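Novice: From first to last, the protein sequence lines stand for chains A and B. The numbers in the UniProt record's numbering rise by one with no breaks, and the one at position 163 of the first sequence is 163. The numbers in the UniProt record's numbering rise by one with no breaks, and the one at position 122 of the second sequence is 122.
What the hints contain is simulated information worked out from the structure, not anything from laboratory work. Keep in mind that a hint or two might mislead.
Here are a few chain A residues that face chain B, going by a calculated C-beta distance under 10 Å [to be verified]:
| hint | residue |
| --- | --- |
| 1 | 8 |
| 2 | 175 |
| 3 | 176 |
| 4 | 179 |
| 5 | 180 |
| 6 | 181 |
| 7 | 184 |
| 8 | 195 |
| 9 | 240 |
| 10 | 296 |
| 11 | 299 |
Bear in mind the structure is a predicted one, so any value in this text is a computation, not a measurement. Glycine is no exception: its CB is placed at the ideal position from the N, C-alpha and C atoms.
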Amino acid sequence: MKKLLNNWIVQVLLFLSLLGLTAYGSQMINDIIPPYLLMIAFFIGINLIMALGLNLITGVTGQLSLGHAAFMSIGAYSSAIATVNFDLPFLLGVLIGGLIASVFGVIIGFPTLRLTGDYLAISTLGFAEIVRVQFTNMKITNGAIGFLGIEGSTTFPIVMTIAVLMICLMVWLENSRNGRAMLAIREDEVASSAVGINTTLYKIQAFAIGAFCAGVGGALFAHTTTFIQPTDFGFQKSVDILSIVVLGGLGSIPGTIIGAIVLTAAPEILRPLSNYRMIVYGLLLVVIMIFRPYGLMGGVNLRQAVRRAMMFPKKKQAGREE
Amino acid sequence: MSLLTLDNVTIRFGGLTAVDTVNLEINQGEILALIGPNGAGKSTVFNLITSIYQPTEGTISLAGKPLVGIPTHKIAEMGITRTFQTIRLFSELSVLDNVKIGAHCRGKAGLFQAFTRLPGMKREEAEIEEKAIKALEFLDLATKCEEMAKNLSYGEQRRLEIARALVSKPKLLLLDEPAAGMNPQEKVVLMEMIRRIRDTGITIFLVEHDMKLVMGISERIAVLDYGKLIAEGTPLEVRSNNAVIEAYLGSGKFKSRIRR
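Starting from the given sequences, assemble the full structure and let the hints guide the process.
Specialist: And the structure:
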């Protein structure tokens, strides 16, 4: 059984059936639940996709970025331009959005990744502002008035399937040589380069993949709301995504999933409180951070816990035999 | 045969000459210790070898290949790994992951392999894991595999750093004060370990303040004072060298005491 599971073809089939199941399941949900709840589910999925990207940059590689909304807006606008002005199919538009965002991730990566910590955060913030102002003044994006007439092509199964795909890719990445190198950079850059890790290369990889996720999220966002304007992608948006990552637990994929669900759903659940809504929402953030300072899933390593339970006794025995 | 050669190496930080025309040869398979008073430039020599600093003058070469100008991350690939004076582990990661990261320069998998997880990549992963476990067994840390690095005791953390440096099978291992903060028993174990590492064919170059350890394991000792190499030789020779005694204790009345 275990041997069968280790077979690559079997794994690919399992993976494809997981995607199929997600698409089918979300189609069922799509048909059942009321439109209002469906909209919340949409945004949970979109926020999750973007947060997974930021989790790779900030949580795994340890590079604090406050400019995630910029990558999102690049993805949103370029996919909108692709589908509206160039009549390209929707999914191709999403891919283009992701790729262009990822190119910008690399472009800002080169000069700014010599910076660390707070300094990097400020420069990414500056980059995000430049992008926002640029979109406000461009003709093709229709400036501050906003980009109209995008088709609402995003469907719930598409959002969910892409989200599950992204989760899988992130889990795989984290368990690869590249992912380990990124974690090492977060932990100690000097030691990383001493063991042969090209820190600049892996930081740029993280930025490129993270920006890709944000771009895809932005593209899905644009084709959900059908109308985008530069103010949708302000500093607040970057902070929203960062809160998802921090509240879920930096570097934790399950944490990011929970964070996306909690922080997207909370403002809606709290809606009956009307005027007090955002106060309670803020309070919720504070309370969670007090009781779980490393985030909801911070410090909880699911895989390690499972592995410890399953593998560790075996390894100990092997050690004794020798 | 000399493995690492420092040829007239000088580095100046502004007006300060931290390392001054040092000529040093490290032979294949030996244990060489670099000693000297605080601030003599010992760690700077390590930083020069690992390309963290570039020498102002002079050349450094590993088995004939020049090291000057090569980026730090390529040094490990060429066969030089190191430990740090202050422990630098990936403290939030597991012990096993720490060592696996040490094998980074011997791996080939890139993004494509990470996302496709083809059989070749899995084979490489299995190989890395096997190597890592072997390195941990060598340093008596195998039972701590799943522990987080920050939860290890001080001595264990020092050993983990060595395991991380060893897993890529370097030609030359640089140990920067490996015994710092260890108790006498741990030091004895460490000495034994360093000898065992040498016996696997790895050349060892260490900086250390603990004279008992230095005299006990090194085959040759080089002494640095104010950036200058003032003596070089067997422990016995260095011990009775006047310049060394002067550097450590000043000249005059203490001489007789150190000679014993």
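Novice: Run every hint past the structure and note whether it holds.
Specialist: Hint by hint, here is what the structure shows:
no., hint, result
1, 8, "5 Å, holds"
2, 175, "8 Å, holds"
3, 176, "3 Å, holds"
4, 179, "7 Å, holds"
5, 180, "5 Å, holds"
6, 181, "6 Å, holds"
7, 184, "5 Å, holds"
8, 195, "5 Å, holds"
9, 240, "26 Å, violated"
10, 296, "17 Å, violated"
11, 299, "9 Å, holds"
Checked against the numbered hints given earlier, this structure breaks hints 9 and 10; the rest are met.
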